[in-house]
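Colleague: Sequence:
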Amino acid sequence: MKTVDLHPNHRRSFSSTLFLLEKMVSEVREVLSAESDLRMQKVTKDLSESKKKEVFAALNLLENEIGRLA
46 MKTVDLHPNH RRSFSSTLFL LEKMVSEVRE VLSAESDLRM QKVTKDLSES
96 KKKEVFAALN LLENEIGRLA
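Add 45 to a position in the sequence shown, counting from 1, and you land on the number used in the working numbering.
Hints are not guaranteed to be accurate.
[Unchecked claim] The list that follows gives simulated cross-link-like pairs (lysine-lysine, DSS-like), each with its CA atoms no further than 27 Å apart:
1. Lys98 - Lys87
2. Lys68 - Lys97
3. Lys68 - Lys96
4. Lys68 - Lys87
5. Lys87 - Lys97
6. Lys90 - Lys68
7. Lys98 - Lys68
[Said to hold, decoys possible] Ranges of calculated distance between the beta carbons of each label pair, as one might list FRET restraints:
8. Arg84 - Leu107: 38 to 46 Å
9. His55 - Asp82: 39 to 47 Å
10. His55 - Thr89: 37 to 45 Å
11. Phe101 - His55: 26 to 34 Å
12. Glu99 - Leu66: 16 to 24 Å
13. Leu106 - Phe64: 14 to 22 Å
14. Arg84 - Lys47: 49 to 57 Å
15. Lys96 - Asn54: 33 to 41 Å
16. Leu107 - Arg56: 17 to 25 Å
17. Phe59 - Leu104: 14 to 22 Å
18. Arg57 - Asp82: 36 to 44 Å
19. Val88 - Asn109: 33 to 41 Å
20. Asn54 - Arg84: 39 to 47 Å
21. Lys97 - Leu65: 22 to 30 Å
None of these hints come from the bench; they were simulated from the model. What you are looking at is a predicted structure, and each value in this text was computed from that prediction instead of being measured. Even for Gly, the Cβ is constructed at its ideal location relative to N, Cα and C.
Use the sequences and the hints to build the structure in full.
Modeller: What follows is the structure, encoded as structure tokens:
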């Protein structure tokens with residue numbers, strides 16, 4: 046794959062975006078896989094198991110791409 050040389054400001058912005066995206070992927074994965082017993086928050090999980098598998102597959106692809114770009 047072709048490497049692009051970014052200006053430090055763009056590189057910093059790109060890195061910050063990847064960081065936030067990775068954090069969001071982690072949060073989605075956590076919500077879908079954990080049972081929450083928080084008193085002030087209620088998460089309704091209405092995804093079928095097949096849809097969950099699709100979402101986890103998409104999250105895996107995102108994580109792989111983040112790793113490649115980081």
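Colleague: All hints are to be evaluated individually against the structure, with a verdict given for each.
Modeller: Here's how the hints hold up against the structure:
Proposed proximity of lysine 98 and lysine 87 is supported: the alpha carbons are some 22 Å apart, at most 27 Å. The hinted pair formed by lysine 68 and lysine 97 meets the criterion: a straight-line CA distance of about 19 Å does not exceed 27 Å. For a cut-off of 27 Å, the pair hint linking lysine 68 to lysine 96 stands: about 21 Å separates their Cα positions. For the hint linking lysine 68 to lysine 87, the alpha-carbon distance of about 21 Å falls within 27 Å, and the restraint holds.
Straight-line distance between C-alpha atoms of lysine 87 and lysine 97 comes to about 19 Å, which keeps the hinted pair within the 27 Å bound. Of the supplied pair hints, the one linking lysine 90 and lysine 68 holds, its CA atoms being roughly 20 Å apart against a limit of 27 Å. Under the criterion of a C-alpha separation no larger than 27 Å, the hint pairing lysine 98 with lysine 68 is consistent with the structure, at around 20 Å. Taken as a hint, the range 38 to 46 Å is violated for the pair arginine 84 and leucine 107, whose Cβ atoms sit roughly 31 Å apart.
About 43 Å separates the C-beta atoms of histidine 55 and aspartate 82, a value consistent with the hinted range of 39 to 47 Å. Here the CB-CB span from histidine 55 to threonine 89 is close to 40 Å, well matched to the stated 37 to 45 Å. For phenylalanine 101 and histidine 55, the Cβ-Cβ distance of about 32 Å falls inside the hinted range of 26 to 34 Å, so the restraint holds. Between glutamate 99 and leucine 66 the C-beta distance comes to about 19 Å, which sits within the given range of 16 to 24 Å.
In this structure the hint that leucine 106 and phenylalanine 64 lie 14 to 22 Å apart at CB holds, the actual value being about 18 Å. Between arginine 84 and lysine 47 the C-beta distance comes to about 51 Å, which sits within the given range of 49 to 57 Å. Checked against the hint of 33 to 41 Å, the pair lysine 96 and asparagine 54 passes, with Cβ atoms roughly 40 Å apart. At about 20 Å, the beta-carbon gap between leucine 107 and arginine 56 stays in the expected band of 17 to 25 Å.
The hinted window of 14 to 22 Å between phenylalanine 59 and leucine 104 holds, with their beta carbons roughly 20 Å apart. The given range of 36 to 44 Å is respected by arginine 57 and aspartate 82, whose C-beta atoms sit roughly 39 Å from each other. The beta-carbon spacing between valine 88 and asparagine 109, approximately 26 Å, falls outside the hinted interval of 33 to 41 Å. Our hint of 39 to 47 Å for asparagine 54 and arginine 84 holds, since their Cβ atoms are close to 44 Å apart.
Between lysine 97 and leucine 65 the C-beta distance comes to about 23 Å, which sits within the given range of 22 to 30 Å.
Of the hints listed earlier, those the structure fails to meet are numbers 8 and 19, in rising order.
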